[in-house]
Amino acid sequence: MMDRIAIIGVGQTRQERNKVHETFADMVFEAVQQALEHARIGIREIDNVVTASNDFWDGRTISSMAVNDACGSYDKNISTVEGDGTFAAFYGMTRILSGAYDTTLVVAHCKGSESDAKHITNAMFDPVYLRPLGLDNISTAAMQANRYMTRYGITEEQCALVSVKNHENAYRNPNAHLPMRLTVEDVLRSRLLADPIKLLDASPVSDGACALILARESAAARYTDRPVWVRGVGYAADPYHLGDRDLADCDALVAAAKRAYGMAGIADPAEEIDLVELYDAFSYQELLWTEGLGLCGRGEGGKLAASGATRTDGSIPVNPSGGLLSAHTVTVAGLVRIAEAVLQIRGEADQRQVPAVRTAVAHGVNGPCGQSHCVWVLGA
Amino acid sequence: MAYDWLQDTEPMVYESRIQVPYSWSVGDTGSRFLTEIRDHKRILGKRCEACESVYVPPRKMCPRCFVDTGPWVEVGPSGTLVAFTRVRYASELHPGHVPPTYGIIRLDGSTTGLVHLLGEVEPNALRPEMRLEPVFREPRTGHILDIAYFRPTHR
Amino acid sequence: MANRVAIVGSGQTHHRTRRLDVNGVELIYEATQRALEDTGLTMKDIDGVIIGNMDHFEGINYVDCWSIDGSGGWGKPTLKLTTGGTTGSTLAIAGYHMVASGLFDRLLVIGWEKNSESDTTAAITTAFDPVWDRSVFAGAISGLAVEASVYMHTYGATERDAARVTVRDRRHACLNPFAHLRKEVTLEEVLSSPPLADPLKLLDMCPRTDGACAVIFASEGVAERICPRPAWILGTANRHLYTYLGDADYVGLKSLRHASRELYEKVGIREPLKEIDVMELYLPYSFAGLSWIEELGLCPPGEGPRLLWDGVTDLGGELPINPSGGVISCNPIGATGLIRCAEAALQVMGKAGERQVPDVHVALSSGFGGCWWSDLVMVGSTKPA
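Residue numbers (the numbering used here), protein chains in the order written: chain L, 1 to 380; chain F, 1001 to 1155; chain X, 2001 to 2385.
Hints are computed from structural coordinates only; laboratory data are not their basis.
Don't be surprised by glycine CBs; every beta carbon is placed ideally from N, CA and C.
Some clues are possibly wrong.
[What the hints assert, rightly or not] Cross-link-like lysine-lysine pairs, in silico, DSS-like; alpha carbons within 27 Å at most: (1) X:Lys-2254 / L:Lys-76; (2) X:Lys-2266 / L:Lys-76; (3) X:Lys-2383 / X:Lys-2266.
[Claimed, not checked] These stretches of chain L come out as covered by chain X in the derived footprint (C-beta under 8 Å, 3 or more residues): (4) 79 to 85; (5) 236 to 242; (6) 355 to 368.
[To be verified] If you want the footprint, here are the derived chain F segments under chain X, 3+ residues with CB under 8 Å: (7) 1020 to 1028; (8) 1053 to 1061.
Same shape as in the complex, but just chain L:
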């Protein structure tokens, strides 16, 4: 396979509804400082930086410019991936595997509070065929939920279970801003946004930043005695036009997971994985992505959730952090999933710690209705 790469430190700001006191740079600086401290490494020893941001969410072209100073990249080699942090971390990893650098700092930021998600997500749709219809992330996700539920008989109650679980998990995550004690009834009775998605089936849009530090094996040994190893990574994209694919499928996720599991030598994910942090932008997505990740059969995501297996005390805990439903910093959210998985493996997840986590999966998404997926397998 490839040289051993470790994550030696992570940092994250609190994810909040509106961080009005902070700029992008402030948030990035905070996350980077935390990651450096966690890794017990100084900024001078960081060889290169990869940032992740999105020009539309930031309202600036060359969005990376806003955080160049704050990420400590002065006089260093630096690049920027536009997309979820999981993809940026992948690129950051290749910059070590290429032999060019020993360490890479990866940092993502997003402030959903500064603009209107409807406009920003509308902009991901083709200007000629789709944008004039007024589509956004919620209305398109609703069509995916509709198709998924129709094809496999997934119920609104099964989706609601995800929301109940994740919001409750958030009580144990000081970085998540929506801890809630809900019943399935509460979710079902919440305001409909676009059938069948109700308010409590949807994630908020949050502000925050997250950073992590990757290191090659020989460098990792200098800084930490608790490296978390990257056992496998894979990513892949589905077609763009929503009607080009069956929205109840997630071929891209299956392909990404296959690649990641192949590298990690995982043959039976449900058995061999101890914990999953996945990108649940909507409650139905957690069900669909558990299928794509091979934690259950196709169409069985609802049954898996109903069985309690994905609860923190279940056989395959999913989103003990509270997931995106409890805090959704858009392009940062996937990087937060990696950070959470790292903390779990290191036994540093405090109140949300799941016992004996040796192998964890972290997952990020780009594009409408989960068009493009990135899957990480991390291990002790």
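Knowing the structure of chain L, use the given hints to seat chains F and X on it.
Using the frame of chain L, we list chains F and X on its own:
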């Protein structure tokens, strides 16, 4: 203490918009599609001769086979509903400023679905596999909303 | 175990002011098909795609997702990079790292821009901090005008010296069938062109272009089977230094100086003027062709004009610069930095047609963007040790 001043600081917020106008090129392939709708109320797809997919909206290239697509094919006008949603919130982006009902419609003869608006139908009456037909607006300008919406074929 | 990486082929569209016949996805498809034809590969052989442009020029969010039909990324790992003007060179650097990592054998790298679809200034303005810089000092030209003024003041260079850069690049472009502007201009025409921001005039600046470029990077073992003379990546380096316009040090392009120091050390170059055979430099405006070659160590500070007037940097000279015509002749922004790298590779591969410099073993390409970022990629005919 070094950060005392933070407590009394009034957080300022600067309101603005980015102002960037756009003129998107539709391209020859898309232009033929839109002008056919505008001038003849006909919906065209484009077929890939290698894999036999018929794309609506039409593509210049087949994304599966990565070759130029072949012949134009008239599709529909009727089609089958694949997925749908009724939107309940307001957005200034919604056409006519009314919360829309969206659908993905597989037009007869096409192998892909077209995302569009649904109309003249009670939201609770929507069912997968429903048969739909397009309603064209007058006058038409060569715009995707020259199809005003799709409605059930039997009413 | 890091792999050595080579560029095995590329494709470009014929860059023009306005391509109304194609939408962005189709423009990307055109360049991509040409790169596949150039290498004899099919999309099935490609195991990953990276793509970039400057978002606000086309107003499309998540371009890596939107462009999938034309990039061939369906079912493949697809990722987007964007760093403003340096996007193209950022992509080239990423192409290197991703293949060197051993995780890709044949990676498709695409840069593109459809500048005709937007108001460039309105879009570029959004790069600058909305609170501190945007309303006061925005637009690409102002910063460059200040840099030019400082250079003239410090070294006594003249607008005529700068015009010689435009004359060179525009003359070279006549030999490049892909270049946007293919008509020579005279010194007098440059000096009398409409003023934009003192001392910059219209013909000191680059145009706005619609275009795309696709380059295929391959790993050692694979590259040699695809083409007889691959362009091996000898090294890459980049630097950024400033975020706020007021922080910038306008005397010289420090980021280029630092990046080139690092690269030359990595590759073992001691006398760039002698050891490098051709350069494709991202010179967005004429004065850069005087001052930035000094930063690259081709001559002492202030002596850039001498190299220009002596013909050192013309085709036929000791170190031709921009045989393709450079950015002053062609600027589809997201592609521009990648085109520099593709052109440098063409020179090494002996496939540069009428603009071929004889006997090229080592070629350097650069990228430049806001906020004073500099990227460098060096390619060569000999596989590195």
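Hint by hint, here is what the structure shows:
{"no.": "1", "hint": "X:Lys-2254 / L:Lys-76", "verdict": "holds, 12 Å"}
{"no.": "2", "hint": "X:Lys-2266 / L:Lys-76", "verdict": "holds, 15 Å"}
{"no.": "3", "hint": "X:Lys-2383 / X:Lys-2266", "verdict": "holds, 15 Å"}
{"no.": "4", "hint": "79 to 85", "verdict": "holds (count 5)"}
{"no.": "5", "hint": "236 to 242", "verdict": "holds (count 6)"}
{"no.": "6", "hint": "355 to 368", "verdict": "holds (count 3)"}
{"no.": "7", "hint": "1020 to 1028", "verdict": "holds (count 9)"}
{"no.": "8", "hint": "1053 to 1061", "verdict": "holds (count 3)"}
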